[in-house]
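Letter by letter, the chains look like this.
Protein chains: 2
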Amino acid sequence: MKEVEVLKSVENYSVGNIGKFDDLGQYEYYHPLGKFNIPGKVFVGEALDMTSIEMSVQLLKAGAEIPFDHKHKSNEEIYVVIKGNGEFIVDDERIPVKEGSVIRIGTKAKRRWRNNSDSDLIVMVIQGKEGSLVNYNVSDGYM
Amino acid sequence: MKEVEVLKSVENYSVGNIGKFDDLGQYEYYHPLGKFNIPGKVFVGEALDMTSIEMSVQLLKAGAEIPFDHKHKSNEEIYVVIKGNGEFIVDDERIPVKEGSVIRIGTKAKRRWRNNSDSDLIVMVIQGKEGSLVNYNVSDGYM
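Protein chains in written order, with numbering that gives the first Met the number 0: chain A, 0 to 142; chain B, 0 to 142.
FYI, nobody ran anything at the bench for these hints, they're computed from the structure.
Accuracy of the hints is not assured; some may be wrong.
Pairs involving identical chains hold if they fit within one copy or between any two copies, as the list cannot separate such chains.
Unchecked claim - The calculated lysine-lysine pairs, modelled on DSS-like cross-linking and capped at a C-alpha distance of 25 Å, are:
#, residue 1, residue 2
1, 7, 82
2, 60, 7
3, 107, 7
4, 19, 107
5, 19, 72
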């Protein structure tokens, strides 16, 4: 099974590669709670020693879906559509998505999503602790 | 000037769209500290009421670069290469990047990056508060 390529990881930074987005189908994630495999999904955070977010990327083939609602204990989720078309169902509202769609979902909302198109859907999912961010845009940086 | 399309924002979720990645050149970000414009860059966090991360996406044309090093006060940065080829310079190490490259950079590292190729480079930048995340992979979710 394909794994994240970790090229370097030191205290100040880590460098890795997940491969081309169109090749995400080579990954498979075993869901330890649900006890089922999720094809086309890869988590990156722990492999690259991230301390602020978790990140995963997933390729859903035409017609594929996440067949259950879920909520979160402490993490907000940000979904970014990298390629293709699909549909999110958030608190029972149906939201059509396409390349460039960005959805913020708070802990309390129930969510699921599916590829109701006839071609690949690629989505990046970012988890961060709800309410944790203090500095936005460039206000955290200094030269 | 192009702005993030905000389709809906309620307490539990927000929905927006930044457009196709190849069209990012329509954005321009005015850097309030540096007092210069950054073409092809858009920040998304505040527009979509994110509370856990800041997210921006940037298209660098062939030969373009971020011409200065910067560090961060409290946010770890995660860079994800969406398309193209380029180079990051982190703590003076030169790191070649390509589609699927993911780089974690801690607050203390100095960083800059450039498109040293002959075609567009598209990079997503995620900021989250260093050390803030508790639950990784699917451990934060529940059905």
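So, going through the hints one by one against the coordinates:
{"no.": "1", "hint": "7 - 82", "verdict": "between (28 Å within a copy, 21 Å between copies)"}
{"no.": "2", "hint": "60 - 7", "verdict": "neither (32 Å within a copy, 27 Å between copies)"}
{"no.": "3", "hint": "107 - 7", "verdict": "between (36 Å within a copy, 17 Å between copies)"}
{"no.": "4", "hint": "19 - 107", "verdict": "neither (33 Å within a copy, 30 Å between copies)"}
{"no.": "5", "hint": "19 - 72", "verdict": "neither (31 Å within a copy, 32 Å between copies)"}
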